[in-house]
Amino acid sequence: MTETRTSEIREPKPAPVPLIEARGVTRILPGVVPTTLVRGIDLAIGDNEFVAITGPSGSGKSSLLYLLGLLDLPTEGEVLIRGRATAHMTEDERAFTRLSMLGFVFQFHFLLQEFSILDNVALPMRALGARSESDMRDRARDLLSSLGLADHLGKRPDQLSGGQRQRVAVARALANEPAVILADEPTGSLDSKSSEQVFELLKEIVDNGRTVVAVTHDIALAERMHRRIHLIDGEIDSDRSRR
Amino acid sequence: MNLVLQIAWTHVRSRARQTGVAIAGVAVGVGFSVMMAGLMQGSQDDFIRQLVNALPHITVNDERRNPPPQPAEQAYDAAQIHGLTPSVRRKGIKNPLATMAALEAWIPGAVAPSVKVQAILRYATRDVGASITGIDPRREARVSELPNQMRQGTLSSLYTATNAIIVGERLAEKIGARVGSNITVQTSEGTQASAQVVGLFRSGIASVDEGSAYVLVRTGQVLARQTGLVNELRIRVGDPMEAREVASRIERQTDYKSVSWQEAHEDLLSSLVIRNVIMYTIVGAILLVASFGTYNIISTITHEKARDIAILKSLGLNERTVRSIFVVEAQMIGLAGALVGFVLGYLLCIALGSIEIKSPFMDITHLPIAYKSWHYGVAGAVALLSSFAAGYAPARKAARLHPVEIIRGAT
Ligand SMILES: Nc1ncnc2c1ncn2[C@@H]1O[C@H](COP(=O)(O)OP(=O)(O)O)[C@@H](O)[C@H]1O
Ligand SMILES: [Mg+2]
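Chains as they are written, first to last, in the working numbering: chain A, 1 to 243; chain B, 1 to 411.
Think of the hints as simulated: they come from the structure by calculation, not from any bench.
Heads up, a few of these hints could be off.
Derived SDA-like pairs: lysine to any residue, alpha-carbon spacing no greater than 25 Å straight-line [unchecked claim]:
1. B/397 <-> A/86
2. B/358 <-> B/46
3. B/397 <-> A/236
Sequences are here, hints too, so could you generate the full structure?
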């Protein structure tokens with residue numbers, strides 16, 4: 001886990017290499033009746049983008065996000081992270097890439113119930129092991145404070161509201177300073193006020209120079225993002241940028 | 001705290017009761033293993049101690065392991081020689097005094113001579129067969145327990161009468177003789193003599209107490225009709241465990257058959273080995289069964305925490321890390337179980353050791369229990385090993401879990 005491929009991956013290149021690139025990505029679930037989750041996806045996401053993935057329910061939005069985040073493997077085509085092919089990576093290498101470069105936020109907050117929120121946020125840093133224990137705690141504290149959770153550091157996730165939990169999840173996703181945040185309907189289970197707060201948070205992340213890719217079925221939110229990729233039946237229907 | 005330890009700890013804590021049961025299982029396994037080992041080792045050590053105390057450590061007798069070559073064989077270079085009358089060898093150890101002196105010069109222990117004669121002891125009208133040993137009372141005290149086994153008289157009582165004899169208590173009972181009685185000794189060599197009982201002994205071994213008697217070496221030689229005869233040297237060494245080595249050295253030096261107590265009781269000792277193999281098999285089985293509880297709890301936790309595993313994997317923890325979480329949990333149970341088991345085992349040993357055994361033939365004794373640190377070491381190691389094995393299978397399965405399916409299921 002301590003191998004440092006990151007330096008090689010993060011090395012600035014003269015020609016901008018896309019952060020995440022999908023080339024002809026198709027994912028078919030095997031079975032008596034094989035299910036096609038996504039088909040023939042070609043896209044490139046660069047630095048400092050704010051991308052919405054939209055589409056009707058069941059159109060393959062989550063599936064695409066999992067593929068882009070190396071949680072799932074395409075049956076055809078390939079996903080490149082900073083120009084590096086991932087198909088032939090070992091499971092460990094993919095895990096390391098997720099840990100060091102990608103941050104996930106899911107619709108359901110997915111925090112560890114037995115851990116304080118501080119420990120939840122520190123968890124990816126502990127797994128990476130690149131910082132000292134006090135550094136990790138400091139950073140976790142800073143992240144949570146900047147998200148307005150300074151008063152809750154020692155609390156368990158179930159002592160927080162849904163919006164607060166989702167903000168903790170965002171803080172955790174940011175812990176290892178990933179190049180990109182992949183969020184699957186991060187506001188999907190929140191009321192409109194919390195939803196707005198979380199959206200503002202994602203926007204701030206982009207303003208700070210990172211990339212955010214968020215699945216949403218909220219068209220209004222999607223319209224406020226910089227780029228919108230619309231899926232229908234697992235295929236890209238449209239890919240429009242506003243910048 | 002280390003991340004793996006931290007997560008493992010929250011898991012076992014969240015299942016405190018089941019974890020407690022698993023720990024108790026391992027503890028009982030380890031405790032009883034330690035107790036069994038202490039008991040078996042204790043009785044074995046006690047048995048060997050008694051064996052070693054009751055017998056000479058090494059017996060050198062006038063036999064040879066390989067028959068000496070016949071003069072004809074040495075004279076003629078033939079493959080085989082038939083129809084020879086073998087040269088008669090005089091019985092006994094040659095130059096016993098010189099041999100004894102030579103042995104005493106280097107042996108770390110004492111040497112005593114004896115003359116063996118088979119005879120019938122007769123008193124009034126009753127007679128009984130006995131094996132008579134001619135001994136040197138002063139030397140005898142240094143190689144055998146006989147002086148301590150005397151019930152009446154002492155070994156030096158043998159000097160108080162001509163043809164004085166010490167007989168086993170049971171033998172005396174059988175023929176109705178007591179100290180002071182004059183009994184008749186008739187040997188297989190055809191000698192008949194009258195002997196005065198000057199002492200009685202009791203070894204506790206029935207066949208010895210009803211079938212043996214002691215006289216002076218000189219008396220034995222008269223009964224055997226061979227002056228200067230010594231057909232056996234008995235040796236007691238400082239460290240009984242060296243007996244085998246010393247015996248083979250004696251044999252190389254003197255050419256006489258020299259048998260250590262280990263060799264004489266090879267069958268007994270090998271039955272002890274079998275006993276130990278059986279014991280350790282049982283102990284292993286106990287600990288294996290104890291680890292089933294561990295397997296159970298780890299499996300339960302991996303199922304219960306499937307969502308957490310999916311989270312950890314999606315965050316980027318690799319399989320090895322996830323696997324080690326559950327292996328560590330199993331090891332925590334194994335370690336806690338072993339530590340509790342050590343205490344339990346120690347208490348069981350103390351409890352067993354305090355039980356009094358009353359027997360009409362013995363003074364009150366206690367069950368012999370051996371306290372050996374390696375008993376604890378082995379039981380602890382086996383417990384940890386089986387915990388590892390019990391945790392590894394579910395841990396591996398958990399680590400290979402595909403996060404996407406669980407994340408989809410929960411959303
Ligand atoms: N494990 C599965 N087995 C069968 N069908 C599945 C499975 N996972 C997803 N699907 C189907 O694949 C399609 C795409 O799913 P998903 O990517 O979750 O869509 P979205 O996130 O856009 O709602 C849906 O029709 C869904 O029902
Ligand atoms: Mg979805």
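Those earlier numbered hints the structure runs against, lowest number first = 3
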